[in-house]
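Student: Just so you know, the sequences run in chain order A and B. Mapping the first sequence onto numbering that gives the first Met the number 0, position 266 (from 1) lands on 265, and the numbers just tick up by one. Mapping the second sequence onto numbering that gives the first Met the number 0, position 13 (from 1) lands on 12, and the numbers just tick up by one.
These are calculated hints, taken from the structure and not from any lab test. Possibly wrong hints are sitting among the right ones.
Just a few of them, taken from the derived set where beta-carbon distance is under 8 Å, the chain B residues facing chain A [to be verified]: (1) Ile-91; (2) Glu-92; (3) Leu-274; (4) Ser-275; (5) Thr-278; (6) Met-280; (7) Lys-284; (8) Lys-291; (9) Val-293; (10) Glu-295; (11) Leu-342; (12) Leu-348; (13) Tyr-349.
Heads up, the beta-carbon is just placed ideally off N, CA and C, and yes, glycines get one too.
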Amino acid sequence: MELITGYFEIYDLTMAIQFSLNTGPVEKVLKTLGVDYEPSTQLMEFRGDLLRDTEWSTRMYITFMNELGVMAPILFPIRQKLQDGMFVTIEESLNIAEEGVKLIRDRFIQVFADRRLKISNDELNRMIHENPQKVSQAIEAIGGISADTVWFINQLLFFPKTAMDFLSSNTLKILNYYERSGLRELNMRLVKGYVENSSPQRIRDAFSNYLDYYGITLDESKPLYITLQNSVPHTNSGVMTYPTFHLLIMGLEEVTEDFSGRIPKEVRLRSLLKVLSDETRFKILKKLNNEPALQRDLVEFTGLAKSTISYHIGLLFKSSLIDVDPFNSVIYVRKETISRAAADIRNLLNIREKR
Amino acid sequence: MKIIPGYVELVEILMACGFADRKSYFDALSQDLGFDFEPGRELAEFLDRVRSNDNWSIRVAVEVFSEIKDSVIFFCDFPEEPGGELLLEEAIESLGKSFEEKARCVVDSILLNNLNLSQEDVKKTLDGDLSIVSEAVDKAEDLSENTTWFITQLIKFPKQSKEILIFALRELKKHYEESGLRKKNRDKIAERLRLFRAEEYEEVAEDFLKFYGIRPREDLPLHLLFQNTLKYSGLKFASACDIQLIVFSEHLKQIEEIMNPVVTDNTLRLFLRNLSDQTKMQILKAISDEPKYVDELARIVGLSKATISYHLSTLGELALVTSRKDHRRVYFSLNKERLEKILKRLETLYEEGEE
Numbered sequence: 000m001e002l003i004t005g006y007f008e009i010y011d012l013t014m015a016i017q018f019s020l021n022t023g024p025v026e027k028v029l030k031t032l033g034v035d036y037e038p039s040t041q042l043m044e045f046r047g048d049l050l051r052d053t054e055w056s057t058r059m060y061i062t063f064m065n066e067l068g069v070m071a072p073i074l075f076p077i078r079q080k081l082q083d084g085m086f087v088t089i090e091e092s093l094n095i096a097e098e099g100v101k102l103i104r105d106r107f108i109q110v111f112a113d114r115r116l117k118i119s120n121d122e123l124n125r126m127i128h129e130n131p132q133k134v135s136q137a138i139e140a141i142g143g144i145s146a147d148t149v150w151f152i153n154q155l156l157f158f159p160k161t162a163m164d165f166l167s168s169n170t171l172k173i174l175n176y177y178e179r180s181g182l183r184e185l186n187m188r189l190v191k192g193y194v195e196n197s198s199p200q201r202i203r204d205a206f207s208n209y210l211d212y213y214g215i216t217l218d219e220s221k222p223l224y225i226t227l228q229n230s231v232p233h234t235n236s237g238v239m240t241y242p243t244f245h246l247l248i249m250g251l252e253e254v255t256e257d258f259s260g261r262i263p264k265e266v267r268l269r270s271l272l273k274v275l276s277d278e279t280r281f282k283i284l285k286k287l288n289n290e291p292a293l294q295r296d297l298v299e300f301t302g303l304a305k306s307t308i309s310y311h312i313g314l315l316f317k318s319s320l321i322d323v324d325p326f327n328s329v330i331y332v333r334k335e336t337i338s339r340a341a342a343d344i345r346n347l348l349n350i351r352e353k354r
Numbered sequence: 000m001k002i003i004p005g006y007v008e009l010v011e012i013l014m015a016c017g018f019a020d021r022k023s024y025f026d027a028l029s030q031d032l033g034f035d036f037e038p039g040r041e042l043a044e045f046l047d048r049v050r051s052n053d054n055w056s057i058r059v060a061v062e063v064f065s066e067i068k069d070s071v072i073f074f075c076d077f078p079e080e081p082g083g084e085l086l087l088e089e090a091i092e093s094l095g096k097s098f099e100e101k102a103r104c105v106v107d108s109i110l111l112n113n114l115n116l117s118q119e120d121v122k123k124t125l126d127g128d129l130s131i132v133s134e135a136v137d138k139a140e141d142l143s144e145n146t147t148w149f150i151t152q153l154i155k156f157p158k159q160s161k162e163i164l165i166f167a168l169r170e171l172k173k174h175y176e177e178s179g180l181r182k183k184n185r186d187k188i189a190e191r192l193r194l195f196r197a198e199e200y201e202e203v204a205e206d207f208l209k210f211y212g213i214r215p216r217e218d219l220p221l222h223l224l225f226q227n228t229l230k231y232s233g234l235k236f237a238s239a240c241d242i243q244l245i246v247f248s249e250h251l252k253q254i255e256e257i258m259n260p261v262v263t264d265n266t267l268r269l270f271l272r273n274l275s276d277q278t279k280m281q282i283l284k285a286i287s288d289e290p291k292y293v294d295e296l297a298r299i300v301g302l303s304k305a306t307i308s309y310h311l312s313t314l315g316e317l318a319l320v321t322s323r324k325d326h327r328r329v330y331f332s333l334n335k336e337r338l339e340k341i342l343k344r345l346e347t348l349y350e351e352g353e354e
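Just chain B, with the same shape it has in the complex (with noise of 0.2 Å):
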C-alpha cells in the first residue's frame, strides 16, 4: 500500500464547518480526550461569519458538511505525490468540470458509510430503485432533515445540487479568507511542506491504523491528509470509489502518547477519567458481553442517540471500543485487549520505583 500524505485546502472547509455547526460536541470531546483546544481567533471569526449569513444555501451546506463530512470529502480531488498541494480555487474549478463523477462517489460513500447499505443495496439504488433509500432515510435519525433532502437531491437531481454546492462553496471561501483562518493556515502548511518527510508520516500512519485496528486496502493508495483547523478531525479512515483517506490533524501527536504500547501515567488518567463518567461506564458495561447498535445502547442507557453517538467517539479514540458493520448497522464491542493492557497498568501502579 502507498501511502501518500498531502494538503486538500477543501478539507478545512468541511472541518471549520463541523465546528460551526457542532462546537459543542467538539468541545466535549477534546476535553474527554484531554486537548485544551481553543478556537483561534479567526476560527471564531469565520463562526460568525458563517452564522451571521442566512443564505438558505449556505445553511443547508454547512449542516451536511458537518454531518456527513466523511462521505462529503469525495468531492474532492486528492494530491498523486507525497507532499502535494490542493487550492480551494483549483477545487471548485474541477467540481465543476467532473460533478456528477465525483457526486456517484459522494453516493457512494453516503449509502455505505452514513446509511449503512449493503453493497448489494448500493447497487440496487444506484441502478435506479430509491425505495431503499428513502426507508433508510427515514431510519437514520441522527441525520437532520436538511442532510437528508441534501442526500435525495444528489440522486435524484444531481445537475441543481451542483448549483447549490458550488454558489455555497463560493461563499464559504469568502468567509474563509475574509476571517484569516486561509491565510493561517496556508503559513502553518506551508512550514509542514517545507519540513516534509515523507517516511515519518508512513510510519505513523501503519501505526494509526494497526492502534485503531483499521484494515485498508494494500492494492489501492491511502491518503494521509492535513487539516490545521480543529485539533480533532472526528475522521479517521473513510473509502469510496477506490479511493482510501485518513485526515491528519494536530491531535495526532497527542493520540501517538495513547496509541503508545507502553501505557503512561497520562493515558491511564486518561481512561480513569473517561470511566469515572456514568454514562460511559453504562455503555462499556453494556456491550462487555456481547455488541450492540446505537439505537439499543441508547435505549439501555436512556440517553438520544446523539450522545450516545458522542459517548461512543471519545471511546473509541481512546480504542476502548471497536465497531463492525453487519445489517445496516454498526455493532460496537468492547476491545477486551486494550482494557486488559490498561488494568495491568493501574495494577501494577504501586511497584513501580521513581519514574
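Only chain A is shown next, with the shape it has when bound in the complex (with noise of 0.2 Å):
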C-alpha cells in the first residue's frame, strides 16, 4: 500500500478546536482508557480564546469545523498538497486559486452523491442546474448537523467563491488564536523535532501496531495518508476512507508512546471488556446493531445528556466496537470485534469452541 507520512498542520488546528468543543467528554475517555493525559497550557489557553470569541462568523465555523471534522480533508484537500515527508503549513493548505475552488466543490459533490444520495457524479451536477431545491433538501436530511452546517453546505454548493472566502477568512482569524497561544508554535517543534530525528519507518511501524490493536484491515489499492497532530498527543481520528485514498490523523504521542510497540493482547482484551461491560454502552451497542443511528438518536433513546453520549461513543469507538461514517456520521456497530474478543478469551483460557 502506498503510504505518505507527513504534517498537515491545518488538521492539528482542527484537533484543537474539536478538543475545545468536546474537552469534558475527551478528557473521560483518556482517563478511562488509563492514559494520563494532561492538556498544554497552550492548549487551554487557545481553548479559552475560542470560547470567548462569540462573533456569528466565528460560532459558525467552529461548528461545522467541528461536526464535519472528517470533512477536512475536502475542504484543505491533503492530496493536492501533500507529499512523504513535507511540512504544510496553514497558510500554504489556505493558498486556493480558483481551478483549487472548483476541484473542493467537484470533490465535495463526488462524495455528497456516493455516500448519501447513492446516485452518480453527474446526476447530482445536473440536480444542482435544474432542481436545486431538490439538493437542498438532501443537504437537510442529512443527520445530525446543526443548521450552521446545512449553510455551509449549500453555500458551498451553490456559491463556492464565498464558501471558500468565508472558510480562508475565519481560519486565519482562528489562526490568530492558535498563534497567539503558542499552541502553533509548540505543535511545529515537537513535530518537526520528532520528524528530524526519526526514521519514518517509525510512524509505519506505529501504525501497523495501530491496525493490529483496531483489529482493522484496510482496501490496500488506496494509498493512506497519516498526518501527525500534537493538539492532543494521545488521540486519533481513527481512519478515514473516502472514495480515491485513506486518512489517519495520529497524536504524536500515539507514535512514541502509546503504539510505539505493539500492544500484548491480554492488555488491549481487558480494556475492551472493561468498556464493553458498562449497562449503558451495552445497550447502545444492542440499539445500534439493531439499527445504525446518529449519536443525537443515542441521546433520545438513552434520555441521558449529550455529553455524556459523546463520552462513550468516544469509547465505543476507541475500542473499536463501533464505526462511524465519515461522511454523515452515523454509527454502526463492528460485529468483528465482538467475535475477535470472544475468540481471545477461548485462547487465554483455554477452551476449545464446541460445534
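Please dock the two separately framed chains into a single complex, following the hints provided.
Tutor: Right, dumping it as C-alpha cells:
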C-alpha cells in the first residue's frame, strides 16, 4: 500500500477546535482508558480565546469544523498538497487558486453523491442546475448536523467562491488564536523535532501496531495518508476512508508512546472488556446492532445528556466496537470486534469451541 | 434428602461480626457481583459499638467468628421442622448445657474445612495427637493469631473456651440489641416466616446446589438458614457431625439471575467486568490448564493469599471456578462448561433481534 506521511498543519488546528468543543468527553475517555493526559497550557489558552469569541461567523465556523471535522480533507485537500515527508502550513493549504475552489467543490459533490445520495456525480451536477430545491432538501436530511453546517454546505454548492472566502478568512482569524496561545509554535516544534530525529519507519510501525490493536484491515489499493498532530497528542481521528484514499490523523504521543510497540493482547482485551461491560454502552451497542443511528438518536434513546453520550461513543470508538461513517456521522457496530474478543478469551483460557 | 428452611438468630451475629472484621472484603465482593450493598444504620451502629469495645475476649471472638464462621456455626442448634425459629437466648442457654458436644463438632469442622486435614488425621487428632494440628495451624497463613490460638484452646482447654465464648456472646447480644439490628432483623424474619412456603425454598436450594456443583449427603437433612444482616453471606455450604447447612441471604435473589440456565445480559456483563480485572484474568489463565491451590496462585500472581482468596470467592460465586479438596489442600479449576456457555452468548450477541 502506498503510504504518505507528513504534517498537514490545518489538521492539527482541526483537532484543537474539536478538543475545545468536546473537552469534558475527550478527557474522560482518555482517563477511562488509563491514559495519563493533561492538556497543554497552550491548548487551554487557545480554547479560552476560541470560546470567548462569540461572533456569529466564528460560531458557524467552529460548529461545522467540529461536526464535519472528518470532512477536513475535502475542504483542505490533502492530496493536492502533501507529499511524503512534507510539512504543509495552514497558509499553504489556504492558498487556493480558482481552479482549486472548483476542485474542492467537485470533490465534495463526488463524496456527497456517492455516500449520501447514492447517485452518480453527473446526476448530482445535473440536479444542482435543474432542481436546486431538491439538493437543499437532501442536505437538510443529512443526519446529526446543525443548521450552521447545513448553511455552509449550501454555500459550498451554490456559492462556492463565497464559501471558500468565508472558510479562509475565518481560518485566518482562528489561526490568530492558534498562534497567540503558543500552540502553533509548540505543535510545530515538537512534530518537526520528531520527524527530523527519527526515521519515517517508526511512524509506519506505530501505524501497523495501531491496525493490530483495532483489528482493522484496509483496502490496500488506495493510498494512505498519515498526518501527525500534537494538539491532543494521545488521540487520533480513526481511519477515514474516502473514494480515492484513506486518511489517519495520528497523535504524536501515540507514535512515540501508545503505539510505539505492539500492545499485548491481554491488555487490549482487558480494556475492551471494561468498555463493553458498562450497562449504558451495552445498551447502545445492542441498539446500534438493530439499527445504525446518529449520536442524537442515542441521546433520545438513552435519555442521557449529549456530553455523556459523546463520552460513551468516544470510548466505544476507541475500543473499535463501533465505526462512524465519516460523511454522515452514522454509527455502526463493528461485529468483528466482539467475535475477536470471544476468540481471544477462548485462546487465553484454553477453551476449545464446541460445535 | 429432607430440606429444612429455618431461622437461627445466632447466625446473624456471626454475619455481623464477619462484617465488623472484614468490611472491605464484603464491600469488594458485593461490588464484583453487582449488588449495591450499603450497610443499614443499625448494622453501622453495631459495627461502631463492637469496635469501640476494647474487651479482649470480644476482640478475639469477633475475629474468630469472622475467619472461621463456617465452623463456628456448629455451636448452634438447628430447627427440626421447616419454618422453625431459634432465638439467641435459647442458643446461649443450650450452648452452656452442651458445650463439649458442640465444641467437638466445631473442632471437627475446623480440622476438615479450615485446616483441610484428611479424615485419618482428624481421627488421630481427636484421639489426642495434637502434633498434626500445630503443624497445620502454622501453615494456615490466612488465619490470624487469635484464631489459631482459639483453635488450640478449643482442643486443649474446652472448659476455659466455653467461658470466654459465652461471655463474648452475651456482650455481643447486648450490642446486637442496642444497635437496633436485632429488632430490624426480627421484623423482617417475622414477615418472611408469615409468607413461608417450604416447597419454594426446596426448589431454589436444589437449583443452587446443582449450579455450584455441591453434593450434600442424601441421607441427612439439609438446613437452610435465613439471615438478614448481610446481602452476601459468604457461606455456601458447610457440614460437620452429620449436620449440613446452607446460609441463605437476600443475595440469593440476585444469584438466581446468575444461576438462570439462559445467560442474561446482566450476567454476561458481570462476567466481562470481572474478566477485565487483571488479577482475576491472571488467576483464570493460571488454572486454565491444570488446577492450582491458593499458595501457588499467590506465587504466580505475586499477591497475598488473602487477596487471591477474595478473587476466588467472586469467581466461585459466578461459578467460573470449582474447587476440590485433596491432601490438605483445596485445588481450584476452571469451570469450562460454564465459560463455554457464556462465550456462546457473547458470540451470538449481535445475532438476536430486539429484546
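Student: Does each hint fit the structure? Answer for all of them.
Tutor: Cross-check of the supplied hints:
At its closest, the beta carbon of Ile-91 of chain B sits 46 Å from a beta carbon of chain A; the interface hint therefore is violated under the 8 Å criterion. Interface hint status for Glu-92 of chain B: violated, as the beta-carbon distance to the closest one in chain A is roughly 50 Å, over 8 Å. Interface hint at Leu-274 of chain B: satisfied, since its Cβ lies 5 Å from the closest Cβ of chain A, which is below the 8 Å cut-off. Proximity of Ser-275 of chain B to chain A holds as hinted, the smallest CB-CB distance being about 4 Å (cut-off 8 Å).
The beta carbon of Thr-278 of chain B comes no nearer than 11 Å to any beta carbon in chain A, farther than 8 Å, and the hint placing it at the interface is violated. Taking 8 Å as the C-beta contact cut-off toward chain A, the hint placing Met-280 of chain B at the interface holds, the least distance being around 6 Å. The beta carbon of Lys-284 of chain B comes within 6 Å of a beta carbon in chain A, closer than 8 Å, and the hint placing it at the interface holds. Of the supplied interface hints, the one on Lys-291 of chain B is violated, with its beta-carbon coming no nearer than about 14 Å to a beta-carbon of chain A, more than 8 Å.
At about 19 Å, the closest approach between the beta carbon of Val-293 of chain B and any beta carbon in chain A exceeds 8 Å, and the interface hint on this residue is violated. Look at Glu-295 of chain B: its Cβ only gets to about 17 Å from chain A, farther than 8 Å, so that hint breaks. With a least beta-carbon distance of about 5 Å to chain A, the hint placing Leu-342 of chain B at the interface is held under the 8 Å criterion. Evaluation of the Leu-348 of chain B hint against chain A yields a held restraint, the C-beta minimum of about 6 Å falling below 8 Å.
Below 8 Å, beta-carbon pairs count as interface contacts, and Tyr-349 of chain B has one with chain A at about 5 Å; its hint therefore holds.
In this structure, the hints that do not hold are numbers 1, 2, 5, 8, 9 and 10, in rising order.
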